[in-house]
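Student: Residues per chain, in single letters:
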Amino acid sequence: MNADRQVVFDNVSKFYGEVLGINRVSLSVPPGITGLVGPNGSGKTTLMNLMVGLLQPTRGSVRVLGMSADHPEELFRHVGYATQYDGFPPGFTGYQFIESYLRIHGFEKTEAEALTWKAIERVGLVEAAGRKVAGYSKGMRQRIKLAQAIAHQPSVLVLDEPLNGLDPMARAEVIALFRELADGGLHVIVSSHILHEVDLISDQVVLLNGGYVVAEGAISGVRDEMEEEHPAQVLIRCSRPSLLASRVFEHDHVVEARIHDDGKGLLVRTRDADKFYLLLNQVVLDNDLTVETVMPTDSDVNAVYQYLIVGNGEKP
Amino acid sequence: MPVAGLAAPPVIDLDGLRVKLGGRPILNGLTASLKGRCIGLLGPNVAGKTTLLHTLLGFYPPSEGTARILGLDIRSQLREVRALLGYMPENDAFIAGLTGIRFVRLMAELSGLPPAQAIERAHEVLFYVGLGEARYRSVDSYSLGMKQLAKLAQALVHGPKVLFLDEPTNGLDPPARERMLRLIRDIRDTGEVNVILSSHLLRDVEECCEEVLVLKQGEIAVYCDLEAERRGNRRFLEMEIRAEADGEHAAFAAAVESLGCECAVGARQRLKLVLPDNLEIRDLYRLASERQVQIRRLDYKRDSLEDIFLKAMEGSGNGRL
Amino acid sequence: MAVYERSYGRYTGPATSEASRFLVLPRYAYEVVFKSKLFAGFLALCFAPPFFGLLIIYLYHNASALQLFGLTPEKLAQIFPIGGDFFFSGIWIQGALSFLLVLFVGPALVSPDLRNNGLPLYLSRPFSRTEYVLGKMSVLVILLSAITWVPGMLLLLLQGYLEGAGWLARNWRITLGVFVGSWVWIIYLSLFALAVSAWMKWKPVARVTLALLFFVLMGFGGAISGILNTRWGMVVSSWHVIDAVWVSLFGLDPGSTLPPAGASWVALAGGCLIFLWLLSRRIRAYEVVR
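Residue numbers (this note's numbering), protein chains in the order written: chain V, 18 to 333; chain B, 322 to 642; chain F, 1297 to 1586.
No false leads were slipped in.
Residues of chain B placed beyond 10 Å of chain F at every Cβ, according to the derived structure:
1. A329
2. L391
3. S397
4. R458
5. P496
6. D546
7. E548
8. L558
9. A564
10. E627
Covered by chain V, per the in silico footprint, the following chain B stretches (three or more residues, Cβ under 8 Å):
11. 521 to 528
12. 599 to 607
No wet-lab data here; the hints were simulated from the structure.
In this text, a Cβ means the ideal position worked out from N, Cα and C, and glycines have one as well.
Work the whole structure out from these sequences, hints included.
Tutor: Quick look at the structure:
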């Protein structure tokens, strides 16, 4: 993909004096929703700050859609950032908060007004826009921050834990908004600790640990790559687990088959998930098995996190 | 003292409970009888969940109606009620300048434990939640995850019968979240405590709770038994497939429908189906084998709570600001 | 032997008495307070004046010891006459030291709890706001009592014992002055410090505020008195007000700079009410919704 349509990190390191931010990170982030995952202190915030141009790398270069932080006015125009922490000018209403931000960007008064209302509508805060931000609930504050990040219609959106404190409906609405923006060609980069949500919404993920990128890409692709070292684990609840075990063991890629504790299921580990599932179709039909559920137990972001981050000595 | 022959009182019994704050009505007549081991409390931000918890703790007086916890009235027997309760607040809450162990000891003694028992229980509970050597450090120096554990420890140390947890996994990174949820399930399973879990994360509530109370605009939108819902879901399936060919998901869904199932393609290409009585899962496998499609996941519908919640939020407005 | 399972269990042991539960707070506070060597030294210093008074009383009744100093009882009686003035000076000095002690210990009492949202943790237990305030007050009350009326009463009893029958009965005003005077100052100071600590989030700020309020009001009162040429101006100064109250309790001559006794009592009572009101506004389990 053309480098001008991606966010590119080229061998980037960032140190704060002696303290490590990130170390030799090379990334290419395509458009779509990218989940950013990692323990606290793994370098996520550093990465995000570098992406939006608030920080300069100690070594290496960061290019966002071909632009770099050397030309901040250009970069800031195309990038929107919503941080985890609340920093609102005291006394501002929601509307003023966004409109003033747009004016600083250089928009004319009428255009700024229009864009402000557009952003406010998109996050669903129209009724509350006239009230002071200081009186907002946590969920509302999250949404006004999001509105500020999208108001100037950036091409790259970087959001630090944007769903924190939102109730389930607001979560669904904001996720739908991300999807809409991503489908329109934006880069939406979202950091989160709620792994099953990351699973649900991301097109690709970036896993960070200790300042390094330990994995990146679509989660299924990442998991497939790990199959040698961490064979895929599947739990199949069926009528005759031992029969299923003997049938699948005939194949090389199956390295382990274990009857589940309650005797009604089989836990299989295989080095080649693609081959295994096609095999399973055959075995079920040939032996007239009654399958109740099929569940991969370690194919999601959670499992990848466990294997790559927790398993490598990161203190949880 | 329970009289022989009477059933155990419900954990929380609300009767027309109304609460006003600063003149504004927040809770408008709640009536419910909650009995489960772990009860989820859900709702939009301004629905009154925290107000309900604070009212049950006695921080605000009700303007009308009654509330009883394990049979004790919160208005007339507030002190006895509080002796039974443990509270883990959502916000940061601690006493500055104390070490973890000193903090939990203080809370234990304030709940009535003599000093000798207090220090024993404090260590026991800190061990149970998993705060090791860190207990000898000042709480100010704790990470967010450790502060959450310390908050949980002070809620448990005096052995309450009812535990209020307000967003217990807030801000925790994934391993810490897993550990917290595991702790909550463990606490629930000991059978000695009833847990009330208030959270925005439906998945957390689904994993831990058997009953759910959904509030909306200060009223009860729905109160349901999750166990019963799950048992009724046997014919509703979720499926994830993978195939070589592009566009296979839609084609497969069409093929499934032609077999007689209702089928829809949801988020992340997951298929949701309703299996009619005349079809078995084996028939789906036959279809998969014919089309060289991998069935990567096959499971009963897991997000019944999401459906329940969304349905509860329909109706006049969505109760949000 | 029992095997302890690593699981949650209910507490089934004895419980402490509810009435004295608030004393848990001073116990925990003292563990911290006495860690400071500076404070321990200061506290020891506070016992110096009563010790000095003890010496004087002893010397009065021990002529042979007096001779060591080259004094006679009559000469001693000229320098340190034991009567109302003697004990009044004692209370006056200890009263001033009390203010310094409160500056030391007071600000740390409530502000850390409020700053870190600790109140819901206290109040979700069978522990009321009143008990909280009582507990925090006791931290100060116990220490202040130890340096004011406790040594004062002990000295009085010693004097009465050595002097023989009737001395105490004849000098009942001294007893009143020592006991009631100490308690009035203790309660007023404690509430003052707690109220300031409850309204200032940071310990050093609370300390400075407390000191400022004390001294600035004193100066202010002096200014008013000077300008309007009246004694009533000093009513806003805590120190002059308590001074006036002590003087009236001991039955001594007030002089011309102190405000009238009746007004002083009212000022003290009013102050306490204001402090209690300020405390009730801030000691809450929930944050005030804007």
